[in-house]
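**Student:** Chain by chain, the residues run as shown.
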Amino acid sequence: MKQFTSIIAILCLLVSCKEQGDYNKMAEKKVPKVVDYNFDVRPILSDKCFSCHGPDVKKRFKGLRLDTQEGAYKALKEDPSAHGIVPKKPMESEVYLRIVTKDTTQLMPPKSSNLQLSDYEKKIIKKWIEQGAAYDTHWAFKKVEKPDLPTLETSEWVANEIDYFIAEKLAENDLMPNPKADKERLLKRVAFDITGLPPTIAMQERFLRDTSKNAFEKIVDELLASKHYGEKMAATWMDVARYADSHGFQDDQLRTQWPWRDWVIHAFNENYSYQKFVTYQLAGDMLDKDNVEALLASGFNRNHKINQEGGIIREETRIENVTDRTNTFGKAFLGMTFECAKCHDHKYDPISQKEYFQTFAFFDRVPFRENNEYAAAKLFAEPPKILITDSLVTKTLPFINKTPNVKVESMVMKDIPNIRKTHILNRGAYDAKGEVVESATPSAIMPFDTLQYKPNRLGLTQWLFDENNPLTSRVYVNRIWQELFGKGIVNTSGDFGMQGELPSHAALLNWLSADFMEHDWDIKYLIKKMVMSATYQQSSVITQEHLSVDPDNNLLARASRNRFTTEMVRDHALATSGLLNKDIGGRSVRVYQPDGLWEASTAGRGHLTEYIQDKGELLYKRGLYIFVKRTSMPPVQMVYDGTSREQCEVRRLSTSTPLQALINLNDPTILEAARVLSEKMTEEKGTISEKIAKAFRTILCRKIKPEEKELLVNYYQEQQEYFNAHPQEASEFINVGEHPLSKNTQSVKVATLMQVIHTLYNMEETIVKS
Amino acid sequence: MEKEQFEHRLNINRRHFLSKAALGMGGVALGSLLMPDLLKRKQQVSDELPLGLTHFAPKAKRIIFLMQNGAPSQLETFDYKPKLEQMFGQDLPESIRGGQRLTGMTANQKNFPLVGSHFKFNRYGQNGTYVSELLPHIASITDDLCIVKSMHTEAINHDPALTFLQTGSQVGSRPSMGSWLSYGLGSENKNLPSFCVLLSKGRGNGQGVYSKLWSNGFLDSTHQGVQLSASEDPILYLNNPKGMDRTNRRKMLDHLSELNHMNYKEFGDPEIHAKIQQYELAYRMQTAVPEVTDISKEPESIKELYGSDCTIPGTYAANCLLARKLSESGVRFVQLYHQGWDQHNNLVGGIKGQSKDVDQASAALITDLKQRGLLDETLVIWGGEFGRTNYCQGKLTPKNYGRDHHPRCFSMFMAGGGIKAGTVYGKTDELGYNVIENPVHIHDLHATIMYLMGLDHEKLTYKHLGRRFRLTDVAGHVVKDIIA
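Chains A and B supply the protein sequences, listed in that same order.
Going by my numbering, the first sequence opens with residue 137, and the numbers climb by one from there.
Going by my numbering, the second sequence opens with residue 71, and the numbers climb by one from there.
Only chain A is shown next, with the shape it has when bound in the complex (with noise of 0.2 Å):
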């Protein structure tokens, strides 16, 4: 009841002082000196105002152009001698007048639009004419320029460059960096980080005792160097790739494109450039005619769904395939939401219908099923595609973890120049041809010369990595930060137009942007500079200060603690009871799930009606190879965030729920973890104070506090009792998952283990990188 008046308490408060108007007496934001173009004043004009007077000609109210210099100048169509904005006259532009005017005839935004403009937006779009009205091109197509380190006070607390630009914006907001984390939370943090695993106690303890300087390098090192490193950053890169093991769609059919994602492992771990990482996943078919490893990851473009109905209609099913392969391209590598220019010009990025389907243009060359049989025939790879043969792999690609004598065949990319020609699709529609285009790209972002590149997916790779292309470092290098940090530099990491989030730090973006291309794109580089800088060091402990300035944690004042990831949480079971296969690639597996879920909703038709699990070793695989089934996903990737494959993703949301909290308590392979680990302690010499720290110690990657432990071995002889009394609840309690029981297991002393260390499975530190 008392919970209930709080809540009540509060919306009545709201309410009340909704009635009662008196917002203006509250704190406001206050109004910048020198106002900027970028950062102050487009927010404002693109949220409020750029959808019906920006650039979509065909929405463009009574021919106001707001999003550029010389439409705002411009007299107005209807009013020759009025315009839109006066430089440095208020008073004289339209603009102005008729955000602030009190007849509601006249009012911009219209009431029907439903939006409004606050008063500190007001008192900005103001300023900004009398300070002229200068408009200046979006910060994210500026060509990257590597700024100066700021100048400090003092630089004692940096680290490396990257602290510089944060101590800079700590500074303005008078705000300490935390200190620096203590050294067991710091290697949690840097080993899921960059290799998805937990730290082992020998590890731990090797960081513990290395007091040398460069300890903590030493480690970075061994982690990037580590096989594991490619599997952590291939589970991300499956989500930008829309990766599956289905088609999708009604019958959902069997797809083999694992060999695929088994290059992209091999990829990471060999470090490749970033730039040879997307020009093979590009354009791998383009180049030398023997690099079959470049034509097999090539299959990124194929990763999309395909839909295998039996009564689709074969050019509208072709064209939302290379639709799809536009968006991705866009989203993936630009972070730009193309799809928004499909139908109509976007309303908030110069990006124009036509430049969408030029760009469109370079992914329509693929030739298509020539007619619906394929579909009857659900193939599990459709062309163009290659067989991967024994002697293949065993000679040119050695990397595929594939069993010998088995066929497997993956859909690759192949263009056939003059297959067909592109038109625009009036409104997007399939059947709507309008005029033919030929490849290019927005030429906003940066002009696509044909003079210097090709028009096909090769010239398309090199206009990405051109050096003044604005969007792909800036926009690769925001994504790792958003994976080790929590969150991008700009927080839309999908979407650096208009409407994006500005970034936190503009000028770091820059510097690491253009310190990443004059690194030749490589990668592990670009991690370690992230993980060396103090910043990223820092202790996740947050002060009531910390709440009440920066809640968010834009500033970086401390380490976000991050959640696990949901391969993340199974790994860690996984790894920190000794069950993981640390066997790298293969085929995808199919671990404990719930019966029913697939039968529940299957047509009926094809190899996955049934969900028929693995036995043995594959049990135990990582997260990354379990089975994605697209119209039944795993469910505990689908309660803990994971994406849903059905388009290009960059980001996944981190939330809590109690179904995570039902997963952590009752799923087998969480239970398992804490039978298997319990037997193996139990089996050790030792007190059972010393198990349990042992146990502790590997599963929170720390040592236990004595708080913890007293608590924990009363915990202990409060079960001992009980499963004493219990002799049946015990042996019922440890017969889970199909991991043998040791022949001579005590059931009572390790379920008793066994309820403890489940415990210590679901502590929220354990799935938190603190």
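Keep in mind the hints are simulated off the structure, nothing from the lab.
One or more of the hints may lead you astray.
[As the list claims (entries may be wrong)] Computed footprint of chain A on chain B, listed as stretches where at least three residues anywhere in the stretch have a Cβ under 8 Å from a Cβ of chain A: (1) 240-248; (2) 251-257; (3) 329-337.
All C-beta atoms, glycine included, are put in the ideal place defined by N, C-alpha and C.
The hints should help you fit chain B onto chain A, whose structure is shown.
**Tutor:** Chain B in isolation, oriented as in the chain A frame:
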């Protein structure tokens, strides 16, 4: 301006609560459980109102959507076309077809012979509404229904059409209707999910269902539809493992909570408290969910009402009964999917069995809600993703035929929750090919559903990747004529 201030105030309160975290998180936890986005750091909501408050007085509080997967033929159920019987075997005039595209299944057919319903239609209710003999129970409650005969959609194949009906987009990455309502209105019961999903299969030609249909899309995963299954675990991983009883689980949670509190002292992260609360909620769900899903205690009269199948878990009848129980307990949106309506051929036999599976229980649900006084505040919707062609697919014989997909017109019905009972809305031409009066697009249906729930479909938005998304995309009109 108001919005900023409003959010500012919201933030102040959030922080105020968080700062009192150590004293007990009850208030915040409850608030965030019922209205998960209310206390989020970033408010990405309507420009007008905070979440949890409606835009106008709601007529309905909860929804039960009886999705008939595969698309039931309107011509054998609600849209009576005697003219088709007269024109048996004659080719569909091109003037009627008007260049409408065809699916890959009938595109190569040489002709398109018209075929009427094999099943008789009779008149029911005060207005003498035509309903097919296939659906006697539904026919008997005609006076409670509003039958819309002028539904139309954009997609022509199952997956995109179903995805469109569920999410307002054919693409498959947007939040489902239930997720939107959970986001906009929150939950009424802190121990149950606000959006539940129930699956069943008929005997007809099956078309799969997919988890993306109840996906939260870009919304927080607290708004994800939770699939309830007929197995021992009605919600995945709900039950404690063998050998672990509830008392012992409680002890574990107490120790766990203490350990987490120790960690909170060190780190001061409010998320630690949120986690503790999620465990407590999970614990409460362990008893709350089985209580709701247990139909063994329902009286015989109720079981008779829904039909004997309702005691067999996983059947459509059982799911209808379960839907009532969930809805009654405050679940905002209960989504049923019943497969088997895809009668491309052998329609006569197929639709007969399929109708028998759903007729009694669908009607029973409405009757049951009514007798409990819940129908007024519960909106029940029944229908498929598109309609079926008025011409035959495959071989036409006097006794049997098939029908292909048809997006241009189909029928749905609604009951309760502010809907005008005993009405028929919209009209198709005499051959049942095109809508000729009061068309209702899927976006209009969504707009109307949201209106009934007290929400303005243009105002419940979520800003994602630079755009304010809504369930109705950029279209949709509330069909005021069908609102009581």
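**Student:** Each hint should be assessed against the structure and marked as holding or not.
**Tutor:** Taking the hints in turn, this is what the structure says about them:
Remark: the region 240-248 of chain B is confirmed as covered by chain A, as 3 of its residues place a Cβ nearer than 8 Å to a Cβ of that chain, reaching the required three. Taking a C-beta to C-beta cut-off of 8 Å, the region 251-257 of chain B contributes 0 residues in contact with chain A, too few for the three needed, and the coverage statement is violated. Residue count for the region 329-337 of chain B with a Cβ under 8 Å from a Cβ of chain A: 6. That meets the three needed, and the coverage hint holds.
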